[in-house]
Structure formats: structure tokens, C-alpha cells
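Student: Here's the letter readout for the chains.
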Amino acid sequence: MQRSEPLRLRPPRHQVSDRAIPWWTLQAVASVLTVLVPLGIALAMWDSVRAWLGWSCVAVLLLGTVYVVVMPRWRFRVHRWEVTDEAVYTSAGWLSQEWRVAPLSRIQTIDTERGPLQQLFGLSTVTVTTASAAGALQVTGLDRRLARDLVEQLTATTQATPGDAT
Amino acid sequence: MTDAAPARGWHRLDPRMLAVTPLRQLTGFLPVIVIFLIAGGTRLDGRFYGVLAAVVAVVIAGIARWFTTRYRVTEERVELRSGLLFRRRRSVPRDRIRTVDLTAGPVHRIFGLSVVNVGTGQRTEGTEAGELSLDAVAAAEADRLRQRLLERATDIPQPDADTPPDQEIARLDWSWLRFAPLTVSSLVAVGAVAGAGSQLAGDLGVDPSDIGELNGARQQLETAPLWLGVALFALLVLLVGLLGSVLLFIEAWWGYRLAREPGGTLRVRRGALTTRSISLEERRLRGVEVAEPLLLRAGGGARLTAVATGLGGAKAEGRGTLLPPAPVAEAHRVSAAVLAEQPAPTTIALRRHPPAARRRRLLRAVVPVAVLVALLWLLPVPGWLPWTAATLLPVAVLLALDAYRNLGHALAGRYLVTRHGAAVRSTAALQRSGVIGWTVSQSIFQRRSELVTLAATTAAGSGAYAVYDVGTADGLALGEQVVPGLLAPFLTTAAAGDEAPDQEVLPGHRPFTK
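Respectively, the protein sequence lines represent chains A and B. At position 163 of the first sequence the residue is numbered 163 (our numbering), and the sequence of numbers has no breaks. At position 29 of the second sequence the residue is numbered 29 (our numbering), and the sequence of numbers has no breaks.
The hints are simulated quantities; they were obtained by calculation from the structure and are not laboratory data. We treat Cβ as the ideally placed atom computed from N, Cα and C, and that holds for glycine. Any given hint might turn out to be false.
As the list claims (entries may be wrong) - Restraint-style ranges between C-beta atoms, simulated for each label pair: (1) B:Arg414 with A:Thr157: 23 to 31 Å; (2) B:Ala390 with A:Leu62: 55 to 63 Å; (3) B:Val246 with A:Glu86: 27 to 35 Å; (4) A:Trp74 with B:Pro394: 35 to 43 Å; (5) A:Arg73 with B:Gln481: 33 to 41 Å; (6) A:Trp74 with B:Ala390: 46 to 54 Å; (7) B:Gln481 with A:Gln159: 52 to 60 Å; (8) B:Pro380 with A:Arg144: 24 to 32 Å; (9) B:Arg257 with A:Val35: 53 to 61 Å.
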């Protein structure tokens, strides 16, 4: 007797570029610093609350280090994407995860976006929007060339579909 | 009607607007004038002349607007030209028109005029991109325009000489007035009116204590004990809120009537001083939402909103409202009639969610209160404060249990039905054909309890309707049932780690090798 496992979502087929790991790491370092630097300045300026602030700094530093080390690698395992003949399928997140599916026939626009950090690592973010106000799918950290070809392919497919996709 | 309509045909707005615009703007100044008269109207200082100059300027601008504004309706588009210094042309293609709403404020009504708002329901940023407003034309002309523009949108034949009567779905029952004080939004509106009044008085430098009667009342209160003052104040607020909410209900819902018109349009007409006519094409209807805020629910009432595409996102405020706050049975009856579905999908028995969902609700209610109590305990605050905070605990637990009891979902024929919420219990029925994608989310806590939140994305209403904290396997099976074939390729029963290897990504792109 083979016990059948309960139904679940399988991960999408393709990973994002592994250059997304250093990109996410830099982002994580930046966000930890925005907390740590003001704390550090306050520590240098006020004597009266030194002990209290010092412990806060240590806590932020420890949690921040864990975040910087763990988050990018965890994200890299989760962030995946797939385009079939019928639909786009993405997964994203780390602690909280999200899977999104949109049929090709319902796609309205396909955008790419490259922030300064992403350009540094040769990455792009592809955003696929549907007619829903809450339905945009995002693939972050795709290789720049791959993203370009993906957008071309999706645009060609969705232009062939009639209707206003509502 | 094919090529008979000439390319010309620009119309002016109704000439009565020459009187209406200045009058309306003067009534806008009325509170200012009244306040001036009450408080030291004898002082004709700079502020007075400033107001006077503003009045004159506004009146001239209003008259100039009429002379420079023209509109026309051609076979393809509705166009509006306006402005003297800044010329503006706005043009809306007729096949993009989603809504044609008529609004008539008190002054408009005295002169027999009506404002026509033509909407394309675009959600684009430029807030007014899809809107065109004719302010104003004769009421009869407005109604003719409404019919003509909506007909084009729905492609129905011209109605015969004896126009077929529309079919009434609901009309106002004055016993519903009892729900008026139970709606929080009406209390907020009363507060906003009061706030605006005091703001205006403040801006004009009027101090309420200058007014003799108020001053006398205050002095009497000052000599009374504190508890009496507080009690009187609370009573006053309650009375004003009660009266205000009743008045607002009457103003908004006087003459309410919901009807289905030939050609597949739902039309809501309502309003005492300002009359509104809101039309909704049935083919844009994707479902309904029955909302029961806590107070309203306690009184056995509910609200009913249409879930429809092309209502225009955030600006759609109130456009989808189908019914005043009414008995919950009436809300379900009307939802059945509007959706032409018997019995109403919103009354279907729902499948409950796993006990883990109840545990989650309890934890989310209890933990924040416990943290608050603990913090108050540690901080140097009066000793009674933590105890007071602790009394929130039973309230939080009751709300959490109620939230779990309300949780549920079902597949009712053509509809996906989902319910959630305690503070506002919301039951949404969404047409399965209106689902244009899925968002499945799982927090780290949900992962441990084998729960997911499954949201159906749609072009209508709020954009997504979620089934909260459903068992992972049940939720995914439900999603696959609602739109067969969409989720199926991405579902598996295999154990984690057995996935197919990464194949060629796109022509010319190899997968990343580890």
C-alpha cells in the first residue's frame, strides 16, 4: 500500500540568477545599517543611556548578521519562475512565501525594471500585470539577457490573445 | 443612424448654468457669511473684503466657464472642450464607456438640471484620466444621454416607442432607518462635518466663547461636578451622532430604488437633496459582497456591494453599493436577484476551516494583549493600568473565536463563496469565470500548521478575494475546482525534493548549474 501524499504546489521550474544572492545581501546590509548607524551615533553622544543602547546595538548586530547571511540564500532557494503555454507561475519570499499563477490570456502588461544595484550585478526584475489590482507577478533577480528574451516571448504570446483580459 | 449624424454638433451646457454656477458658489460661501453675521458682523475689516473679492472672482469664473465649454457626442466618441486661458479637450471613446452616472445637487434640481459623469473605469494613475463630466445639462437631456451612451456600450436595439418597463428589484423600506445609527461610517461622517465646521470657525477667527449662549452653558457646566459634565458631554455626542446618522441616511437613501433595465443594466436611484443615478452593466458584474460590520450585525443588518469591473478602483467609492444598510435577509434576497441565481450564493452552507485556523486566530488575538500587559507591568505606570489592559483579553478571545466561526468557503455553482472577519464579517460571492489568477501565500506559522491563504485575483472590486487559513490540500483542490486546469500543472502529490530537473529555460539560455 502506497500512501499518497497530500496535494501541494510544486516549485516553479527555473531558478533566478545566482547573482541575486550578492544583490540581496547588499540590500540586507543596507537595511541593517539604517538601524545600526543611528543607534551607534546615539551611543557615542549620550552617556546616560549607554548600557541600554549598547545592548540594543549588540542585539541589532547579531540579528542583522543572521539576516544578512540567511535571507539571501533562503530567498534564492524559494524565488523561482516558470512560463508554460497557458500560464505564468512564480514563487517568492523566504519566511513568508507566495506562489502566483496568472493565465497568459489575462496578462495586460509586461515591464522590466533595473535599479542601480541590479545594473551592477546585471540583473532585471520582470513584472507581469493582469487586470486585477492585486494580481501583479514579479520575478526579481533575473539575468538581464534572459529577462529581455522572456519579455519578448511573453509579449509575442499575449499580443496574440484577443479580448480585454478582464 | 449610421452616417446621418453630422461631424459637427457641438452643444453648450444648459444656459440655466449661468444662474446655477454663481448660486452654488454663493451657497458655498454661506457658512462663512453666516459666521460673520453671528460673530461681530459689524466689523467690516480686511477679511470681509477678502471674502467679497473671492465671491466676485468665483462668480465671474463660473460665467466664463459656460461660455467656453462645449460638448458633442459622435458615433465614436464623447468630447468636451473647455477653458479660456488653459484650453482643455477631453475625448472618451464610446466603446470604452463603462459607467454613466447622473448627479443633481439641490441647486441643480431647482433648475431642473443634472450632471452627467461618464466613466471608463480605468485604474490608471492620472486620477481623472478616464472621467468626463458634463456639469450640467437639462435633466431630460441627461437621461437621454445616459440611455444613448449605455446602449452603445451594450449593443442593444433601440427601445420601441412604448419603452418596456424596467423590473424593480428593491425599493426603500423606511423601517431600515433603524440601521442608520449602527453604521460606523455615518458616525465618522457626522464627526467630519462637525470637524469641518469648527475648522472653518477657527480659520475665520471666530471663537465659540464669543457666542453668548454657548458661553452661558459653559459657565453653568463649570460649576457642576466633573462626572456630570462627562456624562452630559457623552450624551450630547451620542444624540448628535444619532440624529446626524439618521439625517445622513435620509439624505443618501430617500427614494432608493434598484431596478434591472432592458439591455442588461442595473440602475440605482437615490438621494433626497442630491439625487444620484448609478448604472451598472450586468455583463461587468462578477459577483457581490455582503458586509456585516459588528454593530450592524448585532442589529441583524448588512450592506450589499456589487463586485464589478470598470467601476474605477479607489474612486469607485460607493459606486458599487446596491442597497442601504438593510436586514441581512433582504441583502441576500437582493443578491440572489441581482446575480439571477437561486438560492443566493451568499447563503450557501460553507465548509469550515481546520482547527489550526482557530489556534492561529486565538494566538494572534492573545499574544499582542499579553505583550501589552507585560510591558505595562514592567514600566513605571499606575498599578491599575495593566489590570485594565488585561480586561481586553476576554474581548480579544471572543473576537478570535467569532472570526474562526465566520471562516468558510464553498463552491456554489458558478460562484466561489468565501467568508471571513469578525469586526467586519464579509461574505463574497465571486463568479468563477471572473477569476483571472491565484495568489497562494503561506507564512512560516501557516507552514507549520499546514494552512495557506488562497486569494482569487479578479479585475473586479478590490482585485482579490481570499480564502483565509484553509488546509493546504483543500485550498489547492478548491482552486483547481474553481478554474479547472489553471493550477493543475503546478500541483503535485510527490514528496518534497522529487521535482523535475531544471530544463532549458528559453532558447539559448542554459539553466544555472550548481
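Student: Go ahead and decide if the range 46 to 54 Å is satisfied by the Cβ distance of A:Trp74 to B:Ala390.
Tutor: Given about 38 Å between the Cβ atoms, the range is violated.
Student: Within 27 to 35 Å: is that where the Cβ-Cβ distance between B:Val246 and A:Glu86 falls?
Tutor: violated, 54 Å
Student: Against the range 53 to 61 Å, how does the distance between the Cβ atoms of B:Arg257 and A:Val35 compare: consistent or not?
Tutor: holds, 58 Å
Student: In this structure, is the beta-carbon distance linking A:Arg73 and B:Gln481 contained in 33 to 41 Å?
Tutor: holds, 37 Å
Student: Starting from the hint 24 to 32 Å, judge whether the C-beta atoms of B:Pro380 and A:Arg144 obey it.
Tutor: Between B:Pro380 and A:Arg144, where Cβ atoms are some 57 Å apart, the hint is violated.
Student: With 52 to 60 Å as the target window, see if B:Gln481 and A:Gln159 comply at their CB atoms.
Tutor: Since the Cβ atoms of B:Gln481 and A:Gln159 sit about 31 Å apart, the hinted range of 52 to 60 Å is violated.
Student: So the hint says 55 to 63 Å: do the beta-carbon atoms of B:Ala390 and A:Leu62 match that?
Tutor: violated, 33 Å
Student: Cβ-Cβ distance between A:Trp74 and B:Pro394: within 35 to 43 Å?
Tutor: Taking Cβ atoms as reference, A:Trp74 and B:Pro394 lie about 39 Å apart, which means the hint holds.
Student: So the hint says 23 to 31 Å: do the beta-carbon atoms of B:Arg414 and A:Thr157 match that?
Tutor: holds, 28 Å
The structure fails to meet hints 2, 3, 6, 7 and 8 from the earlier list, while all remaining hints are met.
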